[in-house]
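Go ahead and model the full structure; you've got the sequences and the hints to work with.
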Amino acid sequence: MSNRTITRRDFLKVASAAPLAGVLAPALKGAPGAPRAAGAAEEKVRVVLVRDPSPLGPGGAPPADVVQRMLDDAVRALLGEGDIDKAWKTLIRPEDVVGIKTNAWRYIPTTTEVEQSLKRRVMGAGVAEDRIGIDDRGVLRNPVFQKSTALINARPMRSHHWSGVGSLIKNYIMFVPQPSAYHGDTCADLATLWNLPEVKGKTRLNVLVMFTPLFHGVGPHHYAKEYVWDYKGLIVSRDPVAADATGLRIIQARRKAFFGDDRPLQMTPHHIQLADTRHHLGVSDPARIELVKLGWDEGILI
Amino acid sequence: MSQPQAPDAHGLASYIPATAGPWLSEADQVFDAETIFDYIDGAGEVYRSYNMKLLVARRFHKDGKPDVVVDAFDMGSSEDAFGVFTHDLDGEDAAVGQGSTYKAGLLSFWKDRYFLSVYAEEETAETKGLVLELGRAIAAAIPREGPKPGLLKLLPPEGLEAERVRFFHNHSVLNYHFFVADTDILLLGQRAAAVLAEYRGSGGARSRLLVVEYADPGEAAQAGASFIKVYMPDAGGKTGVRTENGKWTAARIRGRHVAVVFDEDSEGKAGQRLEAFETLLAKAAEGRKER
Chain C
0 MSNRTITRRD FLKVASAAPL AGVLAPALKG APGAPRAAGA AEEKVRVVLV RDPSPLGPGG
60 APPADVVQRM LDDAVRALLG EGDIDKAWKT LIRPEDVVGI KTNAWRYIPT TTEVEQSLKR
120 RVMGAGVAED RIGIDDRGVL RNPVFQKSTA LINARPMRSH HWSGVGSLIK NYIMFVPQPS
180 AYHGDTCADL ATLWNLPEVK GKTRLNVLVM FTPLFHGVGP HHYAKEYVWD YKGLIVSRDP
240 VAADATGLRI IQARRKAFFG DDRPLQMTPH HIQLADTRHH LGVSDPARIE LVKLGWDEGI
300 LI
Chain G
0 MSQPQAPDAH GLASYIPATA GPWLSEADQV FDAETIFDYI DGAGEVYRSY NMKLLVARRF
60 HKDGKPDVVV DAFDMGSSED AFGVFTHDLD GEDAAVGQGS TYKAGLLSFW KDRYFLSVYA
120 EEETAETKGL VLELGRAIAA AIPREGPKPG LLKLLPPEGL EAERVRFFHN HSVLNYHFFV
180 ADTDILLLGQ RAAAVLAEYR GSGGARSRLL VVEYADPGEA AQAGASFIKV YMPDAGGKTG
240 VRTENGKWTA ARIRGRHVAV VFDEDSEGKA GQRLEAFETL LAKAAEGRKE R
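Chains as they are written, first to last, in numbering that gives the first Met the number 0: chain C, 0 to 301; chain G, 0 to 290.
Treat each hint with caution, since some may be false.
To be verified - Distance condition first, Cα-Cα at most 30 Å in a straight line; then the derived DSS-like pairs of lysine-lysine:
(1) C:Lys-255 with G:Lys-246
(2) C:Lys-224 with G:Lys-64
(3) C:Lys-43 with C:Lys-88
Simulated from the structure, these hints should not be mistaken for laboratory data.
Listed below in structure tokens is the structure:
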């Protein structure tokens, strides 16, 4: 436990976002934000972190069969169902039209291995192949996504020049014609994307890809190989906020190990906490997250 | 501020060599402040916050070797070119242009109203040499130098870490360099210009001076009052307060300017720095009268 003094700067950082807001409130009258009332006997949200030590291929993913196994193990643990097809049938109905929202960023994409593992299990739940789409930047023009009744959200976590981190919450930015409309206050209100008619209530599973996360960036492209590492993990949850909050903790732990201090991310990733405290999309408080860890634990950082 | 110049994609592109050793260039891509998101997504907001006008991107390719990318930004003014350069000062001085850093395959520098990023997608000894060679060639092709922001002259020199001064307009950028508050309590934005400077004190202690110039005294008064109300509610009419870490924060509002000292060792030292700022402000005003 750290003995560091909580300053007014800490307070003003969390006042609009995190449960810590209550700590200094009496001492700083006039400051914005109000402490969040603690809920009574809230249930924890389950997040599964699965890792495997297999070497990564040139595209940055483990072999396809390893990815399938990781994903299957995570979904089984998440849903408490041993049979993988049965587990997926609790997520997806045969009559669903399913969009797998991926991420095609040049340097760290979702990876074909993850996309195909997800597609295979959606088909295993009884959905015909022509009713499944995989897309990122073209979702608004993609006929499958236009008709979708269910979404699977899968993307890598990486530090980000403006939103702090690229997150599952942020991955739906391509459902708007003008993403920059959501850049205000360093993307504080990205969670409102999840109220768009194209998205609202459709997300059945979130997969945060942590094979080679980017924990720091430089330059306009915000990428340097020096700042990625082979974490070889997947974070899987029904709750995008809980998955993002967990991934963020790993990114921050890696930054601390690498830089030797608590250097803040380039921009505050407050959109994750605000998705909880302001927009009630999910849970960001680690105390309310049940983290299930599977597989390889060397260098797990959490 | 210097007079804004009209952006010129052809002129900007002409500063970039067509080849870089055995690397050949691909077709240029040109973006403005609206289309930059098509190229670098949300990262475009950093450049927009510095009033970017134009970006010419040229990729150099050689089979079997990492690509090298030149991103040449016309920021409209040398002050904003300097400012966006100060957004990331990590790295070694590469002695290119009017100020430069090199780190992890990335050379950043500014000259006149231009900010340049020359980036190797993988750093090797060969690509590092190529990146630096390209940068020097581009800097040599830009014919003029440009002035730094006049606000830098308001920073008292004693203890100043001159190579760590940041210039910006936007509260998100302030928070990146030194977190003040989640909300924009200093009422920053494109109408304001700010410098954040680091000062080294005894025993390695570090304090900061923030100087913001607003469009008019009314805006400065409003911003100063907002800051004091939210950040120093316990000041009780004094200009400084001792904060939870035992350090001192003090603020002054003078004409179009608000100056804030953060994390100084003592109330006296915070006051001395603000007085030194006021002296420099008065000198600058005298200089303007004489001209």
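Here is how each hint holds up against the structure:
The hinted pair formed by Lys-255 (chain C) and Lys-246 (chain G) meets the criterion: a straight-line CA distance of about 25 Å does not exceed 30 Å. Between Lys-224 (chain C) and Lys-64 (chain G) the alpha-carbon distance is near 15 Å, which keeps this suggested pair within the 30 Å criterion. A distance of roughly 23 Å separates the Cα atoms of Lys-43 (chain C) and Lys-88 (chain C); the hinted pair therefore holds under the 30 Å criterion.
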